Amino acid sequence: MRPFLRKLGWLIRRRDKEAELSEELQFHLDEEADERRAEGLTDDEARRAARRALGNLTLVREDTRAAWGWTILEQLGQDVRYALRTMAANRLFTVLIVLSLGLGIGANTAIYSFVDAILLRSLPVTDPESLVVLNWHAKGERVPVMRSMSGSTWGDSSAGTTAGVFPFPVFELLRTKETVFSSVFAHFRYWQTRSVNVTIGGEADLAGGWHVSGGYFGGLGVRPAAGRLIGDSDDKPGAPAVAVVSYAFSQRRFGGPAGAAGASILIDNLPFTVVGVTPPGFFGADPAANPDVYLPLHALEYLGAGKQFGFDPSAYGAEHYYWIQIMGRLRPGVTRAQAQAALAPVFHQWVAGTATNDRERANLPALVVTDGAGGLESLRRRYSEPLYVLLALVGLILALACANVANLLLARASARRREMAVRLSIGAGRSRIVRQLLTESVLLALLGGAVGVLVALWGMRFLTLLLANGRPDFTLHAVMNWRVLGVAAALSVATGVLFGLAPALQATRVDLGSALKAARTDRFRPMIRLHRVRPAHLLVAFQIAVAMIIVVAAGLFVRTLSNLQSIELGFDRHNVLLFQVDASKAGRTDPEVVSFYRDLRDRLRDVPGVRDVSLSEDSLINAGTGLPLTLDGERLQVGDHILNVGPEFFRTMQIPVLAGRDFRDADRRGSPAVAVVNEAFAKAVFGRRNPLGRHIVLWEGDKPARDMTIVGVCGNARYGSLTREFAPVVYMPYDQGYPRPGQMVFALRTQGDPLAYVGAVREIVRRTDPRVPVAEVRTQVADINRTINQEITFARLCSAFAVLALVIACVGLYGAVSYNVARRTGEIGIRMALGAQRGGVVRMVLREVLALAAVGLAAGLAVALASSRFVASFLYGLTPNDPVALALAAAILMAAVLAAGYAPARRASRIDPVTALRAE
Amino acid sequence: MQRQPSRLELLQGTLELIILRTLLAGPAHGHAIAKHIQRTSEDLLQVETGSLYPALHRLEAKGWVAASWEKSDKGKRARCYRLTALGRRQLAAEHSKWEAFSRAMGLILKPAAQEEGR
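In the order they appear, the protein sequences are chains A and B. Note that our numbering has the first sequence beginning at 1, numbered continuously upward. Note that our numbering has the second sequence beginning at 1001, numbered continuously upward.
Calculated lysine-lysine pairs in the DSSO-like style (CA-CA distance at most 30 Å, straight line): (1) LYS17/A x LYS1071/B; (2) LYS7/A x LYS1071/B; (3) LYS7/A x LYS1062/B; (4) LYS1062/B x LYS17/A.
Quick partial rundown of chain A residues pointing at chain B, CB under 10 Å, derived from the structure: (5) GLU20; (6) GLU24; (7) LEU25; (8) GLU31; (9) ASP34; (10) LEU57; (11) TRP68.
Covered by chain B, according to a simulated footprint, are these stretches of chain A (three or more residues, beta-carbon under 8 Å): (12) 49 to 55; (13) 61 to 67.
Don't read these hints as lab results, they were simulated from the structure. As the structure is a computational prediction, the values presented were derived from the model and not from experiment. Backbone N, C-alpha and C fix where the C-beta goes; we use that ideal spot for every residue, glycine too.
Kindly produce the complete structure, drawing on both the sequences and the hints.
Listed below in structure tokens is the structure:
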């Protein structure tokens, strides 16, 4: 260490050091000369003798400097300076390489960071590896033993059904399996509390709720940021009402965790005490959820008491109601396979005991113990496929960038053969030249890496925006993945080194005489001699093929998006503002809830520029309510799609009323119950008969709740989905009895930009009742786009990728053709001297370009045709090998190729034969 | 570059040992060290100045000698080298290594000398 420090010190003051060495050697010479003079030599002779005795002074200096131990460093400094000068002299070349590398590295790092965040990252809890998530799996789509459920299942008829929800008794049963688990805990989102109205100091806002069992935080091993977390004593019937809030929520609403712990708040207008705050970075066991408020499981009784569809405590004992998500921590030494083997029979025995008939017994769910390190799989299920497609695309971009770098370096290496020959011939060592070329390549790659970091940072912000598009609860924050950045950077450095070094090694082996004589004409061809097929040609063809694949992908996704956006909705999506309110969660009881909505609608209608106002329990595209309906005592067989709406709903949404009338203000509680059915309903139920005046009955359990007269038939409008067929739907007034109104989505048809009215809307709601928060303000267009967010993201990203790929490929082509033209200056000169026309020269060059493009296009097309089926599930309204997209991609690519090739071709045609031949 | 042939070729690495031994007598500048080596080896060894200075700087880099600027006898500034504690230890180690080496060489070569003397 000390010798190193000493050398470093010398390096810093190396000018002094040089001076000292000169002085030291001069002293030696003086002493020696003095001695010689004493021996009787003349002054001149003495001095010459002293010099002779010392030997070659320059060499002594060199050798001594070598002893200082930083020759290599010094040469590196020289190399870097020289490389920077070269780069500054070839600015275009430098910019092209750095940009290609930067874009390739950056795009890969950004996408992979998301892959990492979504697919690979473990929960931020103690020892995530020992956590397991319990699921069940059953054959086929129907699992009769599960008579009702809250939560979600996934799968299809061939893969069978998988779900993560269980009846409560299963949770209690598993809690006794202490040989397998060190802890078992439950957690879930309950549909009535997924969005709760939290009032803090008189200010109300909506928050995401999540129920946890008393063992949840202890089982995960999470430490509070403030206060304490929910424990077993909080999760009992009759225990004081407590809640735990997330760190971000505490910052947003309390000004920090310290202010949150111990605070009294209202949740859906019921008093709760905030006992603590989760640590920053903790997002619960479902990476897709990130709740704001954690509530004990048993808070359900308290919150649901007296509510319509409120929580019924008998659910705790129900054997056919599946609703509890269960996780566990395995005891040390217990493997997942052992847990599976121990628990599957236990569950089977229990579930077999609940089956009461053969139909239920025929398809019983089987317990599956899955890895819990990453929490629930919801995000992975939704995003893994799209992310892998994106990953493949950016991988192609990186390949393209590397090919580009290789191409540019190869071209330049050939151009520098003469320079190398000159340097070798005046005595430069081969390793010294190679080292210098290596320095240049690495420097370029490093610059590319730096640009890559910037691109990655920007790209991640862009991707977050894109993925979050319109989803207010989007909380996924990817962090820069340095490992990926490293891998991508290493790959590009390797490319730079390989393609910078290989030609360099070859160049330093040149036959000096011929290289110097060959001057600019480059008569000897490197490596491959196959009829002028050079590595550069192969690289260009490869680039065009890759670009073709990416452009085809972009074409498919853009056409998918345009198909989705031109779907006939049945209503007018433009100039509509939507927002959501829920007066029932702000302490208002039934008649007051309705009067609030009525009052609010009246006030909103008075806003200048607002043409129509109506409301519905959900926006059309998110609708999905089903309650049993009968006609003439018969249960309707057309599905139970209903939508509770306000007056003038069809007028506001501009859904045509084909017969009868729209809902009116007079259709309210106490007036005769009415309904409007859509065309699909009328056709399916009444055929050619007139539906007007017929009665349909809505049932609440086993008693009739509403006997409605059909007063209108409206046109079909999308319901619950953009792409599904028009379903038969029954529309009914929201305030004519059961079901009583809860949350409502207001729709305002405005003049001009709907978002211009947001401020006014918020102010009006606040003045009507400050306890009712306004949520999810969005335009109808955004509401629809949210459902096709993935397609929009794909279309935009792939278009960007396609432009990127085209630019990179064209740059490669331009470079290769330019270089080729420069190399053939002499030949073209001779041709022109012999009478070739300019047009002929342009055609000659372009012919070569088109031949390359044709090879690339054919290869790209073949790969695209073979691989497009992998994206079939992302397409809508077209086949994976959509001829329009393929033809369009080929045309775009051909145009780009011709544009890139034309400039050098034109330059070739401007070659002056006299100048060209004189240079020969 | 051609170097002047020395009267006795120095063995690899011995120059550093010689320098260290020379400095054991006390600090000295480069020229004095060269002269001292010539004198004590009865002019059999001529140290090439060309290799002396690189060797001195190498020793300094290793920390076996330290250098400082002193006034010479004639009042000029001279770069003087002296042995460091580390250098002294190194000298002892190198010295015993050398002795072992020369004894071994002596043992191997002695019979030949006797045979020749017979």
